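Chains A and B, in that order, give the protein sequences.
All the letters of the first sequence, read from the start, carry residue numbers 154 to 409 under the working numbering.
All the letters of the second sequence, read from the start, carry residue numbers 154 to 409 under the working numbering.
Wrong hints could be hidden among the right ones.
A pair counts as met if it fits within one copy or between any two copies, since identical chains are not told apart.
[Unchecked claim] Lysine-lysine pairs mimicking BS3-like chemistry, simulated, CA-CA at most 25 Å apart:
hint : residue 1 : residue 2
1    : K276      : K400
2    : K370      : K397
3    : K359      : K190
4    : K233      : K307
5    : K276      : K307
6    : K333      : K403
Just so you know, the hints here were simulated from the structure itself, not pulled from any lab data.
Keep in mind it's a predicted model, so treat the numbers as computed, not measured.
There are 2 protein chains.
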Amino acid sequence: MENSYIVGKNAIIEALESNTRQFNRILISNNSRSDEKIEKIKELAKTRGIIFQFVNKEKLNQISPENRHQGIVALLSPIKYWDLDDFLEKHNDELTSVVILDGVEDSQNLGAIIRSCVCAGVKGIILPSRRGVLVNSTVEKTSAGAVNHISIIKVNSIVNAVQRLKENNYWVIAADHHAKDNYYEIDYTDMNFALIMGAEHSGISKSLLKLSDFVVKIPMLTNFNSLNVSNATAIILFESVKQKLTKFSKKEGKNG
Amino acid sequence: MENSYIVGKNAIIEALESNTRQFNRILISNNSRSDEKIEKIKELAKTRGIIFQFVNKEKLNQISPENRHQGIVALLSPIKYWDLDDFLEKHNDELTSVVILDGVEDSQNLGAIIRSCVCAGVKGIILPSRRGVLVNSTVEKTSAGAVNHISIIKVNSIVNAVQRLKENNYWVIAADHHAKDNYYEIDYTDMNFALIMGAEHSGISKSLLKLSDFVVKIPMLTNFNSLNVSNATAIILFESVKQKLTKFSKKEGKNG
Numbered sequence: 154m155e156n157s158y159i160v161g162k163n164a165i166i167e168a169l170e171s172n173t174r175q176f177n178r179i180l181i182s183n184n185s186r187s188d189e190k191i192e193k194i195k196e197l198a199k200t201r202g203i204i205f206q207f208v209n210k211e212k213l214n215q216i217s218p219e220n221r222h223q224g225i226v227a228l229l230s231p232i233k234y235w236d237l238d239d240f241l242e243k244h245n246d247e248l249t250s251v252v253i254l255d256g257v258e259d260s261q262n263l264g265a266i267i268r269s270c271v272c273a274g275v276k277g278i279i280l281p282s283r284r285g286v287l288v289n290s291t292v293e294k295t296s297a298g299a300v301n302h303i304s305i306i307k308v309n310s311i312v313n314a315v316q317r318l319k320e321n322n323y324w325v326i327a328a329d330h331h332a333k334d335n336y337y338e339i340d341y342t343d344m345n346f347a348l349i350m351g352a353e354h355s356g357i358s359k360s361l362l363k364l365s366d367f368v369v370k371i372p373m374l375t376n377f378n379s380l381n382v383s384n385a386t387a388i389i390l391f392e393s394v395k396q397k398l399t400k401f402s403k404k405e406g407k408n409g
Numbered sequence: 154m155e156n157s158y159i160v161g162k163n164a165i166i167e168a169l170e171s172n173t174r175q176f177n178r179i180l181i182s183n184n185s186r187s188d189e190k191i192e193k194i195k196e197l198a199k200t201r202g203i204i205f206q207f208v209n210k211e212k213l214n215q216i217s218p219e220n221r222h223q224g225i226v227a228l229l230s231p232i233k234y235w236d237l238d239d240f241l242e243k244h245n246d247e248l249t250s251v252v253i254l255d256g257v258e259d260s261q262n263l264g265a266i267i268r269s270c271v272c273a274g275v276k277g278i279i280l281p282s283r284r285g286v287l288v289n290s291t292v293e294k295t296s297a298g299a300v301n302h303i304s305i306i307k308v309n310s311i312v313n314a315v316q317r318l319k320e321n322n323y324w325v326i327a328a329d330h331h332a333k334d335n336y337y338e339i340d341y342t343d344m345n346f347a348l349i350m351g352a353e354h355s356g357i358s359k360s361l362l363k364l365s366d367f368v369v370k371i372p373m374l375t376n377f378n379s380l381n382v383s384n385a386t387a388i389i390l391f392e393s394v395k396q397k398l399t400k401f402s403k404k405e406g407k408n409g
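This is chain A alone, in the form it adopts within the complex (with noise of 0.2 Å):
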């Protein structure tokens, strides 16, 4: 088996419960102290018979070096990337959501935004092969788990990406402070979309612009115009929430 290692006790809860991932091992610190959730990630390992190994701290600042370990580190396989065409296969009879990321770098980021993807219903997220960060265990440990509850794409070209989307009916909208449309301005109700977010530094390319269907921008109130790059995101598809829990909620009010 391919190793990978998650850290953080809600990521490891969320990989357990999510039943996703095949685990080799769980190494904790001797000298940690128990909670409630290291109880939980015992019994949740218990019952899928995962083994449960208590090592030096030493062993477990080795293998995450950079991660902040809390005393305990899952040894697991790594996430499984899903391919663009599978994905649209399986997604085919219901209304989706994706958010393509054009090259985002920092791995706290892409978790954050990976969370509020979850959360806001999106079902997938499209990830440049080459450039850019993919998941790692920072990346796993910032989603707080919520790597297990989407697809994550990787392609090659995400110009042929979108390019498929469009084929398969997905309507596609770029975030660019440069637009002249806001972000409220659309209806996500009814429609498949994919949101395109660009890098920390350079935004989105010419060449995915002049494919997108819509082009908006978020309306600041001041002329620091720089926002966060998940925080962005967390707008946008909050604004989609927002519209389709309001629209079903009006449909309920008339029929009720």
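Based on these hints, arrange chain B on the given structure of chain A.
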């Protein structure tokens, strides 16, 4: 002069342009290649009579062991924290909003929140002096210099600060995922408001919830109820921005 440092070209440019910080000197690695931003920093430093010094990369690593410093470090005075009463007096005759962070612990989260606040026209951020993170070099870097465009208010007691705000005609809004009301059901346009966001894990303390005029949640489309705190802050703040901009453009339309 008490010394602090910042890394990150954007953060340094913003600090220079804001003219609110006293610079000691700017250190640059003698084998780093120049670029547009470095040239801009040099020019701004020259205009303001700030010493620009070439040093070994090791010297920079020593000053800034944890940050990726991109070959440049500025030594300068720390940001000045505001006193709440001074802040209230300054903004006495205008509608003002502030964000209160009840113990946010992660520097990158604080940096991203500061950016969103500045973009959303929020005038102050209130931090407890003894819990959570304060402004450090990681916060400065991830805030991309936004920290120089907003008043950071340090208080000994968040509860007392909330009471002072209420006495000064602020409406207090707490974000809590157990709330009944949705964040977009509030009219943010016609009031001073203080938005309280909780710490990453523990949320908002009960005493603060009791003091709040509104308790709101961000409704989700899935059961995975776990937004990153900076994303949650951005979602609520930009609902307020949208309301203000929409109201304003409607008024304009009527008059024009």
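Evaluation of the provided hints:
no.	hint	result
1	K276 x K400	within (20 Å within a copy, 33 Å between copies)
2	K370 x K397	both (20 Å within a copy, 16 Å between copies)
3	K359 x K190	between (47 Å within a copy, 23 Å between copies)
4	K233 x K307	within (10 Å within a copy, 45 Å between copies)
5	K276 x K307	within (14 Å within a copy, 41 Å between copies)
6	K333 x K403	between (30 Å within a copy, 17 Å between copies)
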